[in-house]
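Use these hints to put chains B and C onto chain A, whose structure you have.
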Amino acid sequence: MNQLFPFPPEASLESRGVDMLYFAMVGVSFLIIVIVFGLIVIFAWRYRAGSAALRTRLPAFFSREVEIGWTLATLLAFLGIFAWAAGARQVHFAPPENALNIRVVAKQWMWKFEHPSGAREIDALHLPMGVPVRLNMTSQDVIHSFYVPAFREKQDVLPDRIVTLWFTPTELGTFPIRCAEYCGTDHSLMDGEVVVVTPAEYARWSERNGDRGLPASGAQRFAALGCAACHAARSGIAPRLAGLFGSRVRLEGNRTVVADDAYLERSILDPRADIAKGYLPVMPSYRGVASSEDVSALIAYIKSLRAGGKP
Amino acid sequence: MSGASFITKESWSDPEQEFRASFGMWVFLSTELLFFGGLFLAYAELRSQNYEAFAEAGKHASFFYGTLNTFILMTSSFAIAIAVGAQERTDIKLVRFALVATLVFGFGFLIVKGLEYHEDIEEHLIPGAEFPSGMPAAQMFFALYWVMTGLHALHLTVGLGVVGRVWLIARRAELPENFHRTLEVSALYWHLIDVIWVMLYPIFYLVGRST
Amino acid sequence: MTDIPFDAVPERLSSEPSYLEEHTITSWLFTKDHKRIGILFATSITFFFFIGGAAATLMRLELVTPYANFLSPDEYNRLFTLHGIVMVWFFLIPSIPTVMGNFLIPMMIGARDVAFPRLNILSWWVFTIGASFTVYSLIAGGVDTGWTFYTPFSTMFSNSHVFAAAAGVFITGFSTIATGVNFITTIHTGRTEGMTWFRLPLFVWAIYAVSVVMVLATPVLASALLMIMCERMLHLPIFNPDTGGDPLLFQHIFWFYSHPAVYIMVLPAMGVVSEIIACFARRTIFGYRFMVYAMIGIAAIGFFVWGHHMFVAGQSNYASLVFSFLSFIVAVPSAIKVFNWTASLYRGRITFEAPMLYALGFVGLFTIGGLTGLFVAMIPIDVHVTDTYFVIAHFHYIMVGGSVSAFFGGLHYWWPKATGRLYHEGAARLAAIMMFFGFNFTFFPQFIMGYAGMPRRYEIYPPVFQIWHVLSSAGASVLAVAYFMPLFYLGWSLFYGERSPPNPWRATGLEWKTPSPPPKENFLVPPRVEHGPYFYHAEQDPGDLTEIDTGR
Chain A
1 MNQLFPFPPE
11 ASLESRGVDM
21 LYFAMVGVSF
31 LIIVIVFGLI
41 VIFAWRYRAG
51 SAALRTRLPA
61 FFSREVEIGW
71 TLATLLAFLG
81 IFAWAAGARQ
91 VHFAPPENAL
101 NIRVVAKQWM
111 WKFEHPSGAR
121 EIDALHLPMG
131 VPVRLNMTSQ
141 DVIHSFYVPA
151 FREKQDVLPD
161 RIVTLWFTPT
171 ELGTFPIRCA
181 EYCGTDHSLM
191 DGEVVVVTPA
201 EYARWSERNG
211 DRGLPASGAQ
221 RFAALGCAAC
231 HAARSGIAPR
241 LAGLFGSRVR
251 LEGNRTVVAD
261 DAYLERSILD
271 PRADIAKGYL
281 PVMPSYRGVA
291 SSEDVSALIA
301 YIKSLRAGGK
311 P
Chain B
1 MSGASFITKE
11 SWSDPEQEFR
21 ASFGMWVFLS
31 TELLFFGGLF
41 LAYAELRSQN
51 YEAFAEAGKH
61 ASFFYGTLNT
71 FILMTSSFAI
81 AIAVGAQERT
91 DIKLVRFALV
101 ATLVFGFGFL
111 IVKGLEYHED
121 IEEHLIPGAE
131 FPSGMPAAQM
141 FFALYWVMTG
151 LHALHLTVGL
161 GVVGRVWLIA
171 RRAELPENFH
181 RTLEVSALYW
191 HLIDVIWVML
201 YPIFYLVGRS
211 T
Chain C
1 MTDIPFDAVP
11 ERLSSEPSYL
21 EEHTITSWLF
31 TKDHKRIGIL
41 FATSITFFFF
51 IGGAAATLMR
61 LELVTPYANF
71 LSPDEYNRLF
81 TLHGIVMVWF
91 FLIPSIPTVM
101 GNFLIPMMIG
111 ARDVAFPRLN
121 ILSWWVFTIG
131 ASFTVYSLIA
141 GGVDTGWTFY
151 TPFSTMFSNS
161 HVFAAAAGVF
171 ITGFSTIATG
181 VNFITTIHTG
191 RTEGMTWFRL
201 PLFVWAIYAV
211 SVVMVLATPV
221 LASALLMIMC
231 ERMLHLPIFN
241 PDTGGDPLLF
251 QHIFWFYSHP
261 AVYIMVLPAM
271 GVVSEIIACF
281 ARRTIFGYRF
291 MVYAMIGIAA
301 IGFFVWGHHM
311 FVAGQSNYAS
321 LVFSFLSFIV
331 AVPSAIKVFN
341 WTASLYRGRI
351 TFEAPMLYAL
361 GFVGLFTIGG
371 LTGLFVAMIP
381 IDVHVTDTYF
391 VIAHFHYIMV
401 GGSVSAFFGG
411 LHYWWPKATG
421 RLYHEGAARL
431 AAIMMFFGFN
441 FTFFPQFIMG
451 YAGMPRRYEI
461 YPPVFQIWHV
471 LSSAGASVLA
481 VAYFMPLFYL
491 GWSLFYGERS
501 PPNPWRATGL
511 EWKTPSPPPK
521 ENFLVPPRVE
531 HGPYFYHAEQ
541 DPGDLTEIDT
551 GR
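Residue numbers (this note's numbering), protein chains in the order written: chain A, 1 to 311; chain B, 1 to 211; chain C, 1 to 552.
Same shape as in the complex, but just chain A:
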């Protein structure tokens, strides 16, 4: 990182496009500033009081023609820039398939990350290079904002809601995480770092720090929290969970949704948000009942259930 111009590296698939847009806009702005400032200086000099410049009145039609001309030109130019920027963002609308799902919990003033392997870390996030990553984030108190300048990505993290952010790291190295939404006393110290490693290294890291027994622990919690009462194979009160992960679920209101990590988490914490078709909204929210660890374990357990399996 250059000491004088501390521009962060372009470390994600998305960052290159953002920088291109940015520097193109810097160029356009520079051109406009040169024209406007240049004209002001030229006019100020040429038409200073006492100069011998021509000052007859402009023809009556002139003003109107010029106004319409530059209004349309500005409008078209702005619409062009909008279309470019919107197009650049639009490819980012749909979450990537086969993304690595990581749960993020923010609270005053720390970041907690939970990997699918059960590995947990605080204020540090290990990621494999070249693999799309999807963060399913929630806050336990106020609004925070997950910001990695090197990835040119930022997303506010809301209390009691799951918001997602996805990107693909493309550079090895360590990149700072910052909280970008003011969150109280130690807002400026709520930082961390993303450590991007090779996929092989990430696999080893997950192995070392993970929890192989996570699905099993999820099964225990499934029983302990009383989930089995309704989600048992033949109960009929609640949808079957075997084979649920990754399938398309039909919801009330004729929506369908892919049952991914975020869906599972939302269904545990905020079950009334998405009611599966044909079922009554009887499930209570497990917010505050199931801990963050419980949720990770439950998700791991549900993912481990294959179609035709027990519950």
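Any given hint could turn out to be false.
Listed next, with one range per pair, are the computed distances between beta-carbon atoms [claimed, not checked]: (1) A:Ala77 to B:Met199: 39 to 49 Å; (2) A:Gln90 to B:Ala44: 23 to 33 Å; (3) C:Ala300 to B:Val195: 17 to 27 Å.
Calculated directly from the structure, the hints in this document are not laboratory data.
For clarity, every value in this text was computed on a predicted model and none was experimentally measured.
Every residue gets a Cβ at the ideal spot worked out from N, C-alpha and C, and that includes glycine.
Coordinates of chains B and C only, in the frame set by chain A:
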């Protein structure tokens, strides 16, 4: 008073200028609508996300008092409309009577409101630890209920002052020249209070009663 | 105003007592004279300008090093909150409308006073009461929510005087609304004979547009603050996520007000600058009608762009696209205005007195602020730079580079009219030039830091940014000196300045057709208007009295 101000005053008593009071009132009413608008937006948004809790909470709101108050307030608006009409026909006796009726119904509204609040407090319908409903979101319904009906009652109290002032003027032996403007502007404000209530009534007292 | 517009003021009027004549305190505090109310507001907002400025100075000092030096994090958080609240609600929003709007609108339209003089003084009293709540919250220990009062931080987590601060802003809102209602009614009903809508000076149009925004936007802020106050004081859960409240609801309501509020701050500045440029270029404003349409367009479209503050807040991607699109649309009229000001210089007869320096500075800085506005209207760039110093720099270019420059420009332009005294021109020019350079010096480095990822509201920051923070703080010290200068030479002029003639700039406009300072009732006889504003070409060619081309 200097000569200049005398001349300028003369040129300002243009009849067209009297129009400014009611014009200003209309502009002010647009402000009032947007003031309540922010609260209505909050209600709509929270209800759309907590549909059942709001329906459940709506059953606790006092349908009887709410409906009674709707009748009372509509009648008071009717009375002040009669006052405006009577003023146009220069029937000053009817103007005075209608203004008294408006005031009486206005106070009646506040009394009924007080009875209703008393009952609500007895039923612990105040968000907090003793709130009866099991659904947490029902507390938001009552939070908005207290804020919005309280703000409306505050407006109505101000309205009573405004109408009371018109009534005091109307009791004079000789009415000021611009009395019809004063009456009209006050009536506009009173109608706004009525209009806001008509919007509050369904969202707090009728919601959740269809099923 | 029957012949050429630079004629002398009638002798008889000059002997009238001026509005400054009476000297008792009650004659000021309970005045109904719009000119005196303008002066009252001027003293109030000057006080707040220096309070907000002191907070900014302390912050810039603290930020010279990347560590916490003499402020604890909590103190720093209170300082930027104080700076934001005071500067937005107690300086920028009331500045031009309540000071220059009150002083000038009735005179510019040829009226004796505003439509509701009693409401006008009430507005100042309400402002003072609201301000005292805020001052109380400062003395009692401050507020640490940021001027944006985001929930649930402000409602459930902040352990500071949120209620008093919110109440102060809430009450002040009624002052803003009263002023807006007054101006709309005044401009609709108080115009003198011959003053048609398209003969109004652009400053009047600007104040009209801004009053509409004030009347329609401010009550929405009031409702948001009312809910915050109820939640904090009465524990009514409205924004509480635990009961199912929506953390984004407050932001939507808040920005529905606060984006139009940006236009409340900048539209009057546009009006002031139009007056000044026309006067010192001795030429009519190019495309007068388009300038009017542009201001109305900005005021109207400005209500539908609030979501561009929330691109990363968690709103739908499609909503973001729509808001991005509308933000580009609202930028078009602003660009047109810059072109028109520039074109107004063409074939002019330009002189460079202090007000003109401020106005030209405004055009330059507003152009940079507007262009960087396009950056943050683009979703991919905004995702990276929102909540960083890039956004800080952007809006300071609009509000300080734009509005504050225009405020000082207008202050110097109408100073002889309001006080009847002339100031030292050399000192005024020096202050104007120092403000321009000091400002760029302070805020341009923040664009660079911002794109490099320096988040806002950080007391302790990564050391790589230090060089840029030092530059910015150095610029701020130049700016601070420049802001103090007018206090001295304008203060001096109040007592020792040369007496001003009625029309020292030989400007058109009805406010110059009466002595400086004006008499209590403004005009001897209501003036009649027979042509559009900015009739400067008659100066060169007294025979040319044709209606000026207003670009129909």
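Status of the hints after comparison with the structure:
no.: 1; hint: A:Ala77 to B:Met199: 39 to 49 Å; in the structure: holds (44 Å)
no.: 2; hint: A:Gln90 to B:Ala44: 23 to 33 Å; in the structure: holds (30 Å)
no.: 3; hint: C:Ala300 to B:Val195: 17 to 27 Å; in the structure: holds (25 Å)
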